[in-house]
Structure formats: structure tokens, C-alpha cells
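A.B. asks: As you go down the protein sequences, you meet chains A and B in turn. Numbering follows the working numbering, in which position 194 of the first sequence is assigned residue number 265; successive positions increment by one, without gaps. Numbering follows the working numbering, in which position 243 of the second sequence is assigned residue number 314; successive positions increment by one, without gaps.
One should not assume that every hint holds.
No copy labels: a pair is met if it fits in one copy or bridges any two.
Keeping only pairs whose Cα atoms sit at most 20 Å apart, straight-line, the calculated EDC-like set for lysine to aspartate or glutamate is [stated by the list, open to error]:
1) 335 / 114
2) 335 / 174
3) 91 / 203
4) 374 / 330
5) 301 / 74
6) 232 / 90
7) 301 / 90
These are calculated hints, taken from the structure and not from any lab test.
Number of protein chains: 2
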Amino acid sequence: MRDVSVIGIGQTPVLENWEKSLRHLAADAVLAAMHDAGIGQADALYVGNMLSGEIAGQEHLGALIADFVGLRGIEAFKIEAACASGAAAVRMGYMAVAGGLADVVIAVGVEKMTDETGDIVAGGLALAADGDYEVLHGLSFVAINAMLMRRYMYAYEIQHKEFANFAICAHQNAVHNPNARFHSPLTLEQFERAPMIAAPISLMDSSPIGDGAAAVVLCPSEQARAFSSKLVRIAASTVATDSLSLHDRNDPLRLQAVEYSARKAYDQAGIRPDDIDFFEVHDAFSVMAALSLEASGFAEPGKGTFLARGGEIFLHGRIPIATMGGLKGRGHPVGATGVYQVVEAVQQLRGECGPNQLAAPRYGMAQNIGGSGATVVTHILEAGE
Amino acid sequence: MRDVSVIGIGQTPVLENWEKSLRHLAADAVLAAMHDAGIGQADALYVGNMLSGEIAGQEHLGALIADFVGLRGIEAFKIEAACASGAAAVRMGYMAVAGGLADVVIAVGVEKMTDETGDIVAGGLALAADGDYEVLHGLSFVAINAMLMRRYMYAYEIQHKEFANFAICAHQNAVHNPNARFHSPLTLEQFERAPMIAAPISLMDSSPIGDGAAAVVLCPSEQARAFSSKLVRIAASTVATDSLSLHDRNDPLRLQAVEYSARKAYDQAGIRPDDIDFFEVHDAFSVMAALSLEASGFAEPGKGTFLARGGEIFLHGRIPIATMGGLKGRGHPVGATGVYQVVEAVQQLRGECGPNQLAAPRYGMAQNIGGSGATVVTHILEAGE
Chain A
72 MRDVSVIGIG QTPVLENWEK SLRHLAADAV LAAMHDAGIG QADALYVGNM LSGEIAGQEH
132 LGALIADFVG LRGIEAFKIE AACASGAAAV RMGYMAVAGG LADVVIAVGV EKMTDETGDI
192 VAGGLALAAD GDYEVLHGLS FVAINAMLMR RYMYAYEIQH KEFANFAICA HQNAVHNPNA
252 RFHSPLTLEQ FERAPMIAAP ISLMDSSPIG DGAAAVVLCP SEQARAFSSK LVRIAASTVA
312 TDSLSLHDRN DPLRLQAVEY SARKAYDQAG IRPDDIDFFE VHDAFSVMAA LSLEASGFAE
372 PGKGTFLARG GEIFLHGRIP IATMGGLKGR GHPVGATGVY QVVEAVQQLR GECGPNQLAA
432 PRYGMAQNIG GSGATVVTHI LEAGE
Chain B
72 MRDVSVIGIG QTPVLENWEK SLRHLAADAV LAAMHDAGIG QADALYVGNM LSGEIAGQEH
132 LGALIADFVG LRGIEAFKIE AACASGAAAV RMGYMAVAGG LADVVIAVGV EKMTDETGDI
192 VAGGLALAAD GDYEVLHGLS FVAINAMLMR RYMYAYEIQH KEFANFAICA HQNAVHNPNA
252 RFHSPLTLEQ FERAPMIAAP ISLMDSSPIG DGAAAVVLCP SEQARAFSSK LVRIAASTVA
312 TDSLSLHDRN DPLRLQAVEY SARKAYDQAG IRPDDIDFFE VHDAFSVMAA LSLEASGFAE
372 PGKGTFLARG GEIFLHGRIP IATMGGLKGR GHPVGATGVY QVVEAVQQLR GECGPNQLAA
432 PRYGMAQNIG GSGATVVTHI LEAGE
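So here's chain A without its partners, still in its complex pose (with noise of 0.2 Å):
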């Protein structure tokens, strides 16, 4: 297998974005991504996205999208794994890669939501849960994840301001990141008053969902230098699944796809939680937050939102998490979100951040989640020489 860098990126601000089509979104984070790799052409596209079908109104974006940038020809398909569906193309990307059967590869992350209403949204929105056996009860996605963080609290005698930190700190993220939905920090007192969602989910505890997209292009290592001088080479790209429904687990507080697919991305890159420098983690809801530390071996079950009340998550802490914003601040168009991680942990490993900006990371994980933890892709990325 062949080492894989990350050579361009490009995303479109996460909006409301009422003037750009589904195409027009995926097309402007592709040719950003093309045009700081510096490249014309590419042997293949993958697209990630869950709802176009149900949403925009249109399927068979692999063809749809590379004929749109100019690339009328090239191997294109759409991955699809729910919230997950974004690094999945990523994944998709590197296989090709590394696999050697292709050299120039673009993986691009779609999700166009704001066109629809509310209602369609969040049925479009629980397909990503167990369709027979949880949506059929009556079930939303915001629901699932209301009894996953009851759960939490019950278990681990949590309260839920011990959860405030998440947002706070994502929100205070966003604010230098221009691509962000919010770009307004958030106190304390204004997180004990957002209104409930689905109890004990408030919507301070809840990511928005938006319209955007986010590119990457991908190389091998060897060729990457002709192209970038600040290499991101991806150390480990790993995938791993559970049952969508949260019943049929053994135990629902512990994220097992998580737990895997973290260790098997630890054992690719020859590293351990200690020597990742900032988390890129799936935060859709504060205690998916919690749950995903805890699962990626950041801190011990039950004490994921330790680490938020003792200020480790924020730029200066041990373990910096959402660091242009997270899903929460930076917003959660769903199936481009796993490629905005990947985009944004680039940017930290080439020093792009702005105020945002860490001190010299070498290694950054994204970590994208879909359903209330059925799939798991992760990537670890690092810095050049």
C-alpha cells in the first residue's frame, strides 16, 4: 500500500444558502480543493452525501458532479453511510490511493437541507436510525439521541450544565472561522436557558444542519511534494460498524464502532491517544461529544465531560476538540460534515487557523460519526517535515 497525502482543500461557508443548488455547493469546494492543489484534471470523484434523494430532489451525484467541475469521464460514485457519509468518500478516496488504481483522487462532501421543511428534514434525518425497529415507534434522531444522553446522565449521576462546555467551547471556535454558521460565543446562562429539543437535549446541546460542502484532493505521498509544500500526509484512515438500532447493543454508553475504529487508526499510525494534538469529534450532540472521548480512549466511560469542565477541550487544553467550531458551531450539513473535519485538520497541520491556530500539531484526528454511532470512520492526519 501506498502513503496518501491530502494535496488541496475547499469548502464553502455552512448557510442557509438559498442561491446555490446542490451542484453549485459541491462544484465551489471542489474547484477550491482543486485549485490549491494546483491541479486541472483527476482520475476519480467520490461524492459523500446522505439526503440528495430525499432532499434535493436528485441521486447519481457522482457522474452529476464531475461532469459539473469539468470532469466529464472520470470514475465517480456517491457514498452513503448516513452522518458518516463525507469521511466515507474520504475513505473511498484513500482506498483508490493507496491501493494504487488511481493516482489524483478528489472526495467531496454534499449536503443541501435548507430547501425543504423542518418535518422532511428529520424524516430524511432518521433514515440514518433503524427504520423497522426505532423510527417505526415513533421515533425522531433527536429522540434516539435524547435517551442515549438520559441514559448517560442516570448512569454517571451527570447534570446538564456539566454538558455547557461542549457548546461553548465550539461556539467560541466558530468565531474566527468564517466558514462557521455561528459566529456569536455563547455564555453559560444562555446555554441553562435554550429550550428543550428532546429532553434532556436542549438546543445548545444540538449541532444545526446546514447547507455546504467540503472538498479534499489526494495523492500519493511520493508525488504529493510536486504539488503542496505543506504536506498533510493521511497516517490512518480506518472504518468500523454497529447495529443502528441503540437497544440491540451490549451497552449503549459505550460507542464500540468508536472504540475500533480509533484503536485500528492508533495501530495504523503507529501512535496512541497521548500523541494526538486536537480532536476533530463528531459533537451532532453534546453527549455524542462525551461518548466519543471517552470511546477513543481520551477519558475513562463516564468522565468524557470531565474533560469539558476542566477546560481541556478548548484551544489551550490537553485535548483541543471542534477547533474551527465542530458540528455544533461550524454547523452539521450532514453528509459533507466528515469532509470538513478532514479540511479542518489540514488546515491546523499546515498552520492555516488563524486565532485558532495551535502551536505546532503534528498529529490531528477526525473522527465522523453516523446514526447515534453505527458507523465510524476515522482519520488521523499529520503534519509534514
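Assemble the complex: chain A is given as a structure, and chain B must be docked to it using the hints.
C.D. replies: This is chain B only, laid out in the frame that chain A set:
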């Protein structure tokens, strides 16, 4: 890159199957393929599917099906490329094995279409076409193909009945396929009397939708002997794309992605069209069969129907197509079709086709088309010694 072989196949009958849900259909095919290969474990599962979100109320099929067949934990995604989703999943499995990222991979195609009304299914199928430039103007997917057929008949001065043998051959080959949707031969008179769907496409120019699933197990050829005594290797796996919109092509009667994908496949296999012993063609509509034969190098432009009229496409002919019934006779559960084609090619190369068996074929080609030629995935399979 490693050489890859198919070590197991499985399929369900194509039916209007109200007894089995999408996950059950997929599991039937996967478990049959695993049994055929003699394996109890796999490294990854890739699911080809187009419309589960729109019709079956379920996305996130990768993790769902992996879990349901007893493989919880492994890498799993859904791949979508309209009606080429099935072969796209096989292509992804090929990539993983050829590239050395996985040793044993399962690719399954599944579609459950008959639970919904015709309107909803037709709306779903239209998602394969360009939403903004074709569908928005009132075109259904069959109407798009009807324009193509009209143009074909006009340009090449072809009468409708000259397409008859595509349907007659498909129905005849389906008679002895226990997994086919239809088991009645079709007469020329029946073809000529068939009602119009979207002129000039009649009911007998159109393949039927259906519920079904098919699966293959892939592994490196050098390990394959341990599993199976009837080896079939993948001599080529290629993809090419074109514009979704018909109007946006230089010449709508030249399927450029078919041409490009087939040429790459011949190059990879180191053979010429003459070496192909049979062709599992994407006969979603009879005009697509004619155009595919032409663009794949089996007939000059405009001469595809000549092969049908001359009987060359039948089992005893020069280039047998749709040897187990094709899309027209076996049925077209859209996201599963591409895997059925590969499974049937393997059956031929193993000598397991009963009354439909060709005499010791060496090379079989399976070609899966998404939309009206926008995504084309071609596999060439070769019988082992």
C-alpha cells in the same frame, strides 16, 4: 495491485416480494454467497442500492446489513450510482481487495421497490436523470429513453419491430433461470401488440422493476484456491461517466461512457471485443441494448439491432447477451442489477447455467449502466483453469 477472484455468489429470485423486507433480501443473498464461498467472516461489505431512502424508508444500509448478517463491526458503506449502483459496489470491493486494503470482501446489491405505488417508483427512478435540466421539465426516466429511441430510429432508419429480438431473446433465456421474474417465452406477435409506455418504447421494450438482491465474495486470486475449485477471476474492472443530461452530449447516440469504460476494460484484460464469449448487457430498454453493443465494440454505430435481427445475440449466436434473461427477463431491481449481472457471468464461467449453459466460455463481460449512460461500470470475468 493484486489479482482478484470471485469465490462466492448468491442471489434471491426477482419478484414482487411482499414477504421480505430490504434487509432480509440482502441477507439472503449475502448468506448464500458466504455459504458458497465457505466463509464465516469478511473484512468489508459494500452495498449497492439506489432508492432505499426514497422507497424503503431506510438509509445507512452498510452498517444495517453488516449487522443483520452477523458481521457487526466490519467496514461497510452504501454506494450509489443510479442503476449502476450494484456494479459500483463490486467495483469498490475490487478496489479494496486489489489494493491490499482487505482480503475478503462482500459486495451486495439490493433493491426493494414494489412496496410503493408506481408514481413513487417512477419519481425515484427519475432521480437518475438531471433534476434541474430534465426532470423539472416533466420528463420521466422512460420518456428520456423514449427520446433516445426515437432519435435512434430516425437517424438509422430502424423500424420498431427490429428491436423485437432483444426482448424475445431475454424472455427465452429467462425461462430456465429460477431467479428470473418472467418464465414465459415471448413471440414476435406479442412484441408487436404490446402497449406503448412512452412511444416508441412499448411494454416489451422495457425491463420490469422488482425486489431482489445478489451478492459476490471477492478475495485475492492467490488465496482463492483455498475457497473454491471453480475460480473466476476479475480480468478488468472499470468505470466511466458522462453528462446526466442527454441534451448535453456531443452525440446522444454514442454512449461515450460505455465506449470509454469498455475500452479501458479490454486494455486491462489485454483482450479485444472478439475475445468476449458473452455479454451481460444493460438492457433496461431495448434501445440501450443496441447502443451498448455498438459502444462496446460489438457492432458499428447504428448496427446494434442487426445483431438482434441476425440472431447473433441468442445463446448459439456470435455474441450471446443477457444469458440468464437480462434486465428484461430476469428483472431490474435497480441497485441490485449490476451484481446479478456479475453473478450470472460467474455462473456461466463455472458452467452452472443448466439449459442456458454456453460451451466452455472463457471471457464474460458484465456492463451496468446508470441513468441514460451517465455512469458505466464494466467488469470482464475470466474462467479459471
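A.B. asks: Are the hints correct? Go through all of them and say.
C.D. replies: Hints versus structure:
1. For the homomeric pair residue 335 and residue 114, the shortest alpha-carbon distance between copies (13 Å) is at most 20 Å, but the shortest distance inside one copy (28 Å) is not.
2. In this assembly of identical chains, residue 335 and residue 174 lie within 20 Å of each other by CA distance solely across copies; the values are 16 Å between and 25 Å within a copy.
3. For the identical chains of this complex, residue 91 and residue 203 are inter-copy neighbours only, at 13 Å across copies versus 35 Å inside a copy, given an alpha-carbon limit of 20 Å.
4. For a Cα distance limit of 20 Å, the shortest separation of residue 374 from residue 330 inside one copy, 15 Å, qualifies, whereas the shortest one across copies, 58 Å, does not.
5. Proximity of residue 301 and residue 74 under a CA criterion of 20 Å is satisfied intra-copy only: 16 Å inside one chain copy versus 35 Å between copies.
6. With identical chains, the CA atoms of residue 232 and residue 90 are never at most 20 Å apart, being 38 Å at best within one copy and 48 Å at best between copies.
7. For a Cα distance limit of 20 Å, the shortest separation of residue 301 from residue 90 qualifies neither inside one copy, at 33 Å, nor across copies, at 56 Å.
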